[in-house]
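2 protein chains.
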Amino acid sequence: MKTRRQFFKLAGTGILAAGVSSAYSSPVITQHQADARDLFKLGMAGYSFKEFTVEQTIEMMKRAGVSNLSIKDFHMPYTSTKDQITSVISKFRAGDINPYAVGVVYMKTEQEVDRSFEYAKMAGVKLIVGAPEYALLPYVEKKIKEYDIRLAIHNHGPDNPLFPNAADIWNNIWDKDRRMGICIDIGHTRRDGKDPVFDILKYGSRIFDVHIKDVDKDTKDGKMVEIGRGIIDIPGVIAALRRIGFSGMCSLEYEKDMKDPLAGIAESLGYFRGVMQCR
Amino acid sequence: MKTRRQFFKLAGTGILAAGVSSAYSSPVITQHQADARDLFKLGMAGYSFKEFTVEQTIEMMKRAGVSNLSIKDFHMPYTSTKDQITSVISKFRAGDINPYAVGVVYMKTEQEVDRSFEYAKMAGVKLIVGAPEYALLPYVEKKIKEYDIRLAIHNHGPDNPLFPNAADIWNNIWDKDRRMGICIDIGHTRRDGKDPVFDILKYGSRIFDVHIKDVDKDTKDGKMVEIGRGIIDIPGVIAALRRIGFSGMCSLEYEKDMKDPLAGIAESLGYFRGVMQCR
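Chains as they are written, first to last, in the working numbering: chain F, 287 to 565; chain R, 287 to 565.
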């Protein structure tokens, strides 16, 4: 970078006109190396592939150059046996996909909490992205301790009275086991009139997972758009994630053109990576 | 930005812990507004749509959210009548596409030069992206003066002895009419072992058009990849374009997966826009 900066300096002083050697000795850095400079990684929230089979999901993720996946239940039903779960996980792994979490998992009863932790354990993941009823949180905390599996509670904005934003999650979990945390959905956060940059900085110590997306308005009727086409301050989000030392996944949850999402997924991940590339 | 910076400052000092109001008053800036802060705009080089009809091209460009096009001859043959050309141009305009140039046009004889300028005039564009034989440049200069249509000569790297890089173009045009300039292809530049950032800064005064792309190696056998997956320093390219006050088009010439290019086009434009968003 020193050479490059010096060059810009030269360009400014007019020394260029005198003829500077064009020897180009910058190291070759590919995008994957560039990504590797950040602690956090890109992934996909399984919901994006609602209309597709496991095989199609693998194929699309390969095209988009992304390998981390939070598995949604339509690809691996909660009622699956251990063998069925192993089979789905194996398919993903054979396709070079890393299933790092399950979710979003809703839990309305203690039985559903039990089932969710068993399900995550069978899947071999150490993270559940979920939304248990408020009253179940003490019971969920027991399970977290029993299984040593983390729970990242997902906020759903103004659509849902259950955990609208990160502040609400924080207020309900701050005194619980530190393995109970937040999956901040930056789109629902913005649709809830909140600033995801602010929330990431403020609640960063308990953010385990991030759902990345973009929206066209900061109100309930805001619609999802390709990342970069909406109003979310993506450079600010990335700066905030770096600031808190976030080392989890930024998983794209793409909910537009759900029957033909590949172009939008590719554009969104491309945009996010482009911003990541800038320092 | 002041508020955001102050906030980061607060976050660093721990004042956040005391509880800062989360009032969010940042202005809503959409990507199109963000793009508008730059003098240059995004476009597509028609060659990207080699396998597709005019209608399919319009459809894909709409999906990718890009509207400026340099038309390639397979969509509008050089032998077209005025009516045929008007019909193609009208189709693009009706699809909200702005045909801002024709090319890449190769010119091997004076007759082909004549035909090219007449073709551009009939198309109503003020820019030809092309590659005339070296010996024809004095004749081309006459045509530029006669038609008041600019020519941006395209460099083709190590594949082609005709204009391998911007330095070679510059050496052949510096003393010609100032409407004779350069379409710098950053991919071929890099494959020719040159640094596109350096060349943009050095030859900026005559750069009229830019072909954006990425490559995986800085040698002749370098292959095209999605922008961001290769070795080209895109933040450096954008900084250089800003430095020279470039006000033309950065047109993606996408030559990978040519039978199914939409995902790669979307990812490439997304990445470029992501970098543009950062300042």
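Simulated from the structure, these hints should not be mistaken for lab results. Among these hints, one or two may not hold up.
Identical chains share a label here; the pair holds if one copy fits it or two copies do between them.
Think about it this way: if two alpha-carbon atoms lie no more than 25 Å apart in a straight line, the pair counts; the simulated DMTMM-like pairs of lysine to aspartate or glutamate are [unchecked claim]:
(1) K412 - D324
(2) K428 - D445
(3) K412 - D463
(4) K545 - E341
(5) K509 - D382
(6) K428 - D546
(7) K336 - E398
(8) K394 - D502
(9) K348 - D400
(10) K348 - D502
(11) K431 - D543
(12) K336 - D359
(13) K348 - E541
(14) K462 - E341
(15) K407 - D507
(16) K428 - D454
(17) K327 - E541
(18) K506 - E432
(19) K336 - D546
(20) K394 - D454
(21) K348 - E432
TODO: Determine which of the earlier numbered hints do not hold for this structure and return their numbers in increasing order.
DONE: The structure conflicts with hints 2, 6, 8, 9, 11, 14, 15, 18, 21, although it agrees with all the remaining ones.
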